[in-house]
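Q: Just so you know, the protein sequences line up as chains H and S, in that order.
Taking this note's numbering as reference, the numbering of the first sequence is continuous, increasing by one, and the terminal residue is 255.
Taking this note's numbering as reference, the numbering of the second sequence is continuous, increasing by one, and the terminal residue is 1212.
Please note that a few of the clues may not be correct.
[Claimed, not checked] In silico EDC-like pairs for lysine to aspartate or glutamate, Cα to Cα no more than 16 Å straight-line:
{"id": "1", "chain 1": "S", "residue 1": "Lys1080", "chain 2": "H", "residue 2": "Glu156"}
{"id": "2", "chain 1": "S", "residue 1": "Lys1080", "chain 2": "H", "residue 2": "Asp154"}
{"id": "3", "chain 1": "S", "residue 1": "Lys1080", "chain 2": "H", "residue 2": "Asp155"}
{"id": "4", "chain 1": "H", "residue 1": "Lys181", "chain 2": "H", "residue 2": "Glu156"}
{"id": "5", "chain 1": "H", "residue 1": "Lys181", "chain 2": "H", "residue 2": "Glu203"}
{"id": "6", "chain 1": "H", "residue 1": "Lys181", "chain 2": "H", "residue 2": "Asp155"}
{"id": "7", "chain 1": "H", "residue 1": "Lys181", "chain 2": "H", "residue 2": "Asp154"}
Just so you know, the hints here were simulated from the structure itself, not pulled from any lab data.
The residues making up each chain are set out below.
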Amino acid sequence: MDTTVSSLSIIVIVLTLAVIAVISPIIRKRRNLITLRPIAAYEALPSFVGRSIESSRPLHISLGSAGIGGESTLLAIASAELAYQVVQQAAIGDAPPILTLTSASAFPLGQDTLRRAYQSRGLVERYSASEVRWYPAGTRSLAFAAAITALQGDDEISANIFAGSYGAELALMLDSAARRKQPTIAVSDQLEGQAVAFALADEPLIGEEIFAAGSYLERGAVQLAEAITMDLLRWLLILAMLAAFIIGILNNGGG
Amino acid sequence: MQLRLGAAVTTAITIAVGLVTVLGLLLGDGLGPLSQLAPITGSITDAFLQLVTITLALTILIGVVNLLSVHLGRVFGRRKGAVYSVVLLLSFALVIATYIVDRDTSMILLETVQISVESALAGLLLFVLVVGASRMLRRRMSWTGLWFVVVLLIVLIGALPLTGLSAFADARDWLLAVPVSAGARGILLGIALATIVTGVRVLIGQDRSYRE
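Given the sequences, and given the hints that come with them, work out the whole structure.
A: This is the structure in structure tokens:
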């Protein structure tokens, strides 16, 4: 790795670590003072869960091709956090939530997430490993999209949450859900998938909002510290870009 | 108490492995005293990454077992869509059998069935996207929705290979080069920053999986 990139990476990681370490204890004491901007998808989640429980139809959560061991590792962890929060709420319903994924590496993560969510509600006996379903297909797979559209019909899904890595094939799944009048939340780390999610999902999440699931749904001190750190890093980046822009103009003017 | 001790040990191991791997990937020449650690952390990181590769290969086997158990359960439970599960199980058996007997036949099956089906679905995508855009206008009539559809129309018209549409083509090129590119970079930067924060949370042992 290039020395500059290495140095910058180390600085950013240490900075992030320092900010989280400093902010977490403060938030632990003054949690109620933190106000997060509203995100429609997170506000709609309880109604998704309520719909599933009342209709006794399963909620479908999908990680897409996000998996462990590649570029989407941390996205898979963030998506699993969202799945945990949703399953924890929906666990008391008659129809157990279904988690689908296409990366085999995310399979143990999915099963562990579901098991822990049931365990946290004292309902671990209701956990079934077969509610995590692996569909063998790679990135941007249309076969995976076809399998999900079949699942939406066969399992009489109540609502869908697509939080992971998708390409344009997400359109097929969202269209199928719309035809079956199943509400959807969608987000992708791929630009094509994100554009489709924005256009076709009932409640889209944009980019990094998926990583803030814990901050919005649990409001733990560490999760809130994470959200604030993300904002802080974003502002630092904006300032750095503005500074680079101004320095560039000054250099060109001087030269 | 035993469980808590177990969780603490696994958390400590995970944090240690995570930190060594990060150091192994980041450290190199030109980082002062830290550079001396590079050969050690680098070789440990390589070993860890090899272990990860082997573990990931094993997860495919777990996935196959899951796939078969879900669909066998569907068939024997005579649940809705069981006929598709029968097709899947038969296809699975057929592919395994042909792969063992003659690998070329297996590849022919893949090319004639899966690729054809995926191509057909890819063809449907365009129509689904256009229908989706019109549905969005009906359902979520807002300024952002309107902007989205206007820009979509300009881009689609600008892409047509017809004469007399150079203004649309220019507008399309500008849209793709400036606002679309800026927006895309913004989204990707946001994801990158969030990824770093999540990574640090995992590294310092604050992830939920360590606590429960």
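Q: Against this structure, judge whether each hint is valid.
A: For each hint, the structure was consulted:
Between Lys1080/S and Glu156/H the alpha-carbon distance is near 9 Å, which keeps this suggested pair within the 16 Å criterion. For the suggested pair Lys1080/S and Asp154/H, the alpha carbons sit about 6 Å apart, so the restraint of at most 16 Å is met. Using a Cα cut-off of 16 Å, the hinted pair Lys1080/S and Asp155/H holds, with the two alpha carbons roughly 8 Å apart. Between the alpha carbons of Lys181/H and Glu156/H the distance comes to roughly 11 Å, so the proposed pair stays at or under 16 Å and holds.
Between Lys181/H and Glu203/H the CA atoms are separated by roughly 14 Å; this keeps the pair inside 16 Å, and the hint holds. The suggested pairing of Lys181/H with Asp155/H holds, with an alpha-carbon distance near 14 Å, which does not exceed 16 Å. Annotation: proposed proximity of Lys181/H to Asp154/H holds, straight-line Cα distance about 14 Å (limit 16 Å).
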